[in-house]
Structure formats: structure tokens, C-alpha cells
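Asks: The numbering of the sequence shown is our numbering, which starts it at 795 and goes up by one.
Think of the hints as simulated: they come from the structure by calculation, not from any bench. Just to be clear, a hint being listed does not mean it is correct.
[As the list claims (entries may be wrong)] SDA-like, lysine to any residue: derived pairs with alpha carbons at most 20 Å apart:
| id | residue 1 | residue 2 |
| --- | --- | --- |
| 1 | Lys980 | Ile921 |
| 2 | Lys1022 | Ile1086 |
| 3 | Lys880 | Ile986 |
| 4 | Lys1094 | Thr1003 |
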Amino acid sequence: MRILILILLACTVAAAQEARVRTGPPDTGTEPQRTQAEIPPANQITPTTKEETPQELTIPNDRDSVVRLQIFLDQKRFGPGFIDGKSGRFTRLAIENYNLSLGRKKDDLRVLAESDQGVPQTYATAIIPRWVDRYVDPSLPRSRLLQSQRKSMPYRSVAELMAERYHTSEDLLMALNGPEAVRAAKSRTAMIVPNIEPFRIEDLKRGRTHKKQDALSARHMVVDTTTKQIYIYHLVFPKRKKNAVMDEIRPSAVDGVPELDSKPASERKKPDQVQSKLIASFPITPGKTRFIPKGFWNLKNSVELPEWRYDQKLLETGVRGKESLSIPPGPNNPVGIIWNGLTKSGIGIHGTNNPRTIGRARSAGCIRLANWDAARIPTLVRPGAVVVVK
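Work the whole structure out from these sequences, hints included.
Replies: Written out as C-alpha cells, the structure is:
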């Protein structure tokens, strides 16, 4: 297969550093063995009535309650970052975004009861896949020169693979299973994990691209460098009045992007305008202020398991150098497991080799997500979609 080599503009690697997420039946002996009812899909969760009065946003302190809440938000496509049992900033933002998507006040607390209903079992037992050794190499070097001589950039440990697979941290896996068990983990052994649909690295294909798709390409994304969130919207058109002319139904737009209204639906008064409905949000690491390409762009391409062109001069100065290295694909490639390029040359929305840096470190100009979140992008938007960076 011909490998697509991406020429990237200044995406630094923190700490010196499905593609599609498949949602089909779990592989036998690979995914969690659930002893209670499966997590119900979104359309089976019945929200509480509007008459209930929202309470002040106070999240429970105990780990298991927070894990359950984070699982619920994650499966609703409002990413809380790591599922780690800690009610940090990204968990609170996920709650606010979830509430806004339903037309509620940002601090509405009904999500707590809904997470209890939606996630009846917080943890499950996963059997580490038979093929795990193909995706793990403890000897993976740190040197870019030595990395360029490898065929792939796999995980460095089984623990790293299992943590990313279940959207969590190695710290939580150790808390659930014990440090020794996690360090000794190998193929066909059992591990307690958050009870969530896994990120399946094995379903990705090197160089596979995702093409335009009418419905998904009509959506748009907003990259907010202040909140460090990426928001995904689709358009909701008003019902056309009988005998109305088309000019009476128009979007409130700037360069083709409707006004992004963060008010609850109940407070909006634009019946004759196209509305933007929030359908997903995820934490990001934006680029440095002097490099981030603010403005209106389009999603140009979407490529699974890309190679990365390592150009030290480009990273330091923004000017392309004559010397470079080609870093092979894999979860520990600095751009992660997918590249979603923008029409701004060299800039893209991509994964990461270090999910701990999401929302903390800065890249030079690109937008990074955890691999499990980045893998969802082609299931939500496709090339042609408008991307607003602000």
C-alpha cells in the first residue's frame, strides 16, 4: 500500500517529546465480559422532565461515581478526557456541553441520574487480545533518527495499549488491578477496565482515507483555543412556512458558517434562521498563539495511520528545512492514529502519542486530541466540512 507522507507545519511533540471507532459486537474473549445489561444507546435514555429545577453543579467526589459519569459523557460524544475518576475541568466542560446539546442550563444536574441509568455497571473484565504483541514493542526508541528506521510506532507496553483502548490512564488500571498485575499483563490475561466501548486500533488501516459524504460534510467544527475544546455541529433547518419564499429562510452566517449560539434552545428566538445544533465536543491541545491559524477553513482530507515528516527547522522556525526524517505510522507517532488536514497548508486535527498532554501542553500550529477521540472524527464530519478556528 502506498504510504501517504504528510508534510506538517510545526506540530511539536509534548514531553520532548474508527478512522472509525467500530461499534459492532465485541470480539469473543477480547472485549469486556459484561455481567449486567449493556450500556444502552443514546435513544434509550429518557431525560427527566423539563419541570424539574436544575441544581447547582456539584459532582460527587467518589471515584466510581465519577468514572460512571465520565463513561456516560464519553459514550454521548462529549469527551471528558481520561476516564480516571477525577472530576476535573474537562469533565465539567463535558457536562456543560452535554446539557447545552439538550437545550438545558449548563449547570443542570440531571446528568448524574442519567449516568446511573445509562451505565448500570461501571467496570468490566476484559481479556487482553491474542494479537497484542503485534502492537507492543518495549524497545521502541526515543530518538527520532532511530524511530525513522522502524517500520511502525507501536505501544511501548500492554498497559499503554489497554489504557488507550478503554479511554483511561495507566494509573486507574493500576488502582483497579494492582501495579504488579498491570506491569505483568500479557496476551489472554484478564484486566478490570472501565465499561466502555473500546477504541479498536486493530480496525485502522495504514493510509486509508475517508471521502466526502453529503450529510457529514455539511456539518462544521469550531476549534476554541481558549476553552481547549473542539465542538461539532450540524444544521437544523426551520420548517418552511406555506408559500414562503426562500429568502425568508436564511442562515445568520459569516463565510457560510451559521452563528454559533451557546444559549439553551429554550432561550433562542430565531425561528426563521438555520440553527447550529451541538452534537459532540472533545478536549484538545491547540497550537501556540503565534502559530495557530485562526479563521475559516475546510476539512481537506482524513487519513488513517499516517507517516509524519520530522523537520527540526520547521518545528523551530516555521520554515521548511532541507533535511527531514520520515516517522512511521502507529499510536506512538507524534500525530497519532489519524490526520485530518485543513485547507490551511500543513495544519490538521490529529491524534497524539501522549494523551496526558491534551489540554496542557501546546503544539506549534496543529490541533491534537487523544487517539480515542481523534478516531471518531470521520464518523462525525468528513472532508468539505467548515472548520472555524478561534
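Asks: Checking each numbered hint in turn, tell me which of them this model violates, lowest number first.
Replies: none
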